[in-house]
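K.L.:
Sequence:
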Amino acid sequence: MEMPPPDTMVLSAKARIVAALHGLLPADAVISDEAETRAYECDALTAYRCPPLAVVLPRTTAEVASVLRLCHAEGVPVVPRGSGTSLAGGALPTADCVVLGVARMNAVLETDYDNRFVRVQTGRTNLSVTGAVEADGFFYAPDPSSQLACAIAGNIAMNSGGAHCLKYGVTTNNLLGVTLVQMDGTVVEIGGPYMDAGGLDLLGVICGSEGQLGVVTEATLRILPKPEGARPVLVGFDSNEVAGECVSDIIKAGVLPVAIEFMDRPCIEATEAFAKAGYPMCEALLIIEVEGSPAEIDEQLALIKTIALRHNPVEFREAADEDQAKRIWLGRKSAFGAMGQINDYMCLDGTIPVSSLPYVLRRIGEMSKEIGLDVANVFHAGDGNMHPLILFDANKPGDLERCEALGADILRLCVEVGGCLTGEHGVGIEKRDLMSVQFAPDDLEAQLKVKDVFDPRWLLNPAKVFPLDATASRRAA
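Residues in the sequence shown are numbered from 1 upward in steps of one, following the UniProt record's numbering.
Treat the hints with caution; some may be incorrect.
Straight-line C-alpha distance at most 20 Å; calculated SDA-like pairs for lysine to any residue [said to hold, decoys possible]: (1) Lys305 / Val242; (2) Lys276 / Leu330; (3) Lys167 / Asp143.
These are calculated hints, taken from the structure and not from any lab test.
Only a predicted model underlies this, so the values are computations on that prediction, with no experimental measurement involved.
Required output: the full structure, derived from the provided sequences and hints.
P.N.:
Okay, structure coming up:
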């Protein structure tokens, strides 16, 4: 019997899957037109693009379960997607996959101030969680730079942090429970609205698993009373290394600011042109914020000022009122958008011991000159979570490849000094081939076996996190 051409077979399979999806979901929840699916062909790592087979936008856990059950039966890969703000390619589709977006699942399901938690659907944006409780004097602590847009689903997938993670921790420190839908459509509840669940800590396995183990549709999040007050200071320095030394000395002194943020000259110049926050034109600056009662704030800032003055800062500016505090933070909150106006860039995400900041900053500068690409630095200095921005020209042949090579070298440097490949952006596709730099073969095999348990057919978020040869052998088994 004569077989139809391959493209005809593919189109026929797509039509069958799309028809089945339409049978499960409302008409407006399935997107299959090629032009419309291009809106989902990449995430914030825009250097890589691939239109998916189809996109579904469910509104309930039951709808998510039905989609996964169908795709599991048909052997169709599924790529979970929050708001698409991943900087590591965490939501990059494959051509044969269904993208499952949770953006329409954005309801607040339960609020309990006595026990200090809120339960939400995971398509809800990070900032809007605080928006739902702030009138009653509470807030949700993790605050990624993309908090206006990023979804709780993605925060859980990548274990996101933010400027205030130095004091309050990252997502895993503020996540109490999840509703997880496994690839075969099974719905399980993990954790709950209390401090510690009994048995195995599966919540710790799920948070940071990058959509490899299931789709998180609901989350119970810890909320905290708003502090009595907060006050930032801005400190400018003549060099990156000296700023790094100041950070290290503050941490060694036992002070716990709520945030210590770092920006270097290229980033300062870009943000000033963009946001006009009034930053000094120096080589590096720190934004340090403390909180508490007025007496506590004064005491902490006095100690920080004493430490900073030992490093001969070019400027030490303390916010005198709320307006000045907002202006100190304005440039930092605008940094990534400001850099995007002047250059294509790739944003890295490695962590290092705080004591290694001076050395790592110096080496990044040397590596940047060696390869001929500029690097701007803006990051959470207090916990050593670095975000070097490698500037390149996407239209210049070879620039992307040089950018990737420099990025890999910087991440290797992070591991060499005792850090790791990612702090909050995840591995995605960006760092999957570097996993063997940080993990020995036995360590990787242990992680692969966890994936085997939750997703035996390896259909969830394919080609991410693990080296491709490991993925291929698992899917072929």
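K.L.:
The structure should be examined with respect to each hint, and the outcome stated for every one.
P.N.:
Going through the hints against the structure:
no. : hint            : result
1   : Lys305 / Val242 : holds (15 Å)
2   : Lys276 / Leu330 : holds (8 Å)
3   : Lys167 / Asp143 : holds (12 Å)
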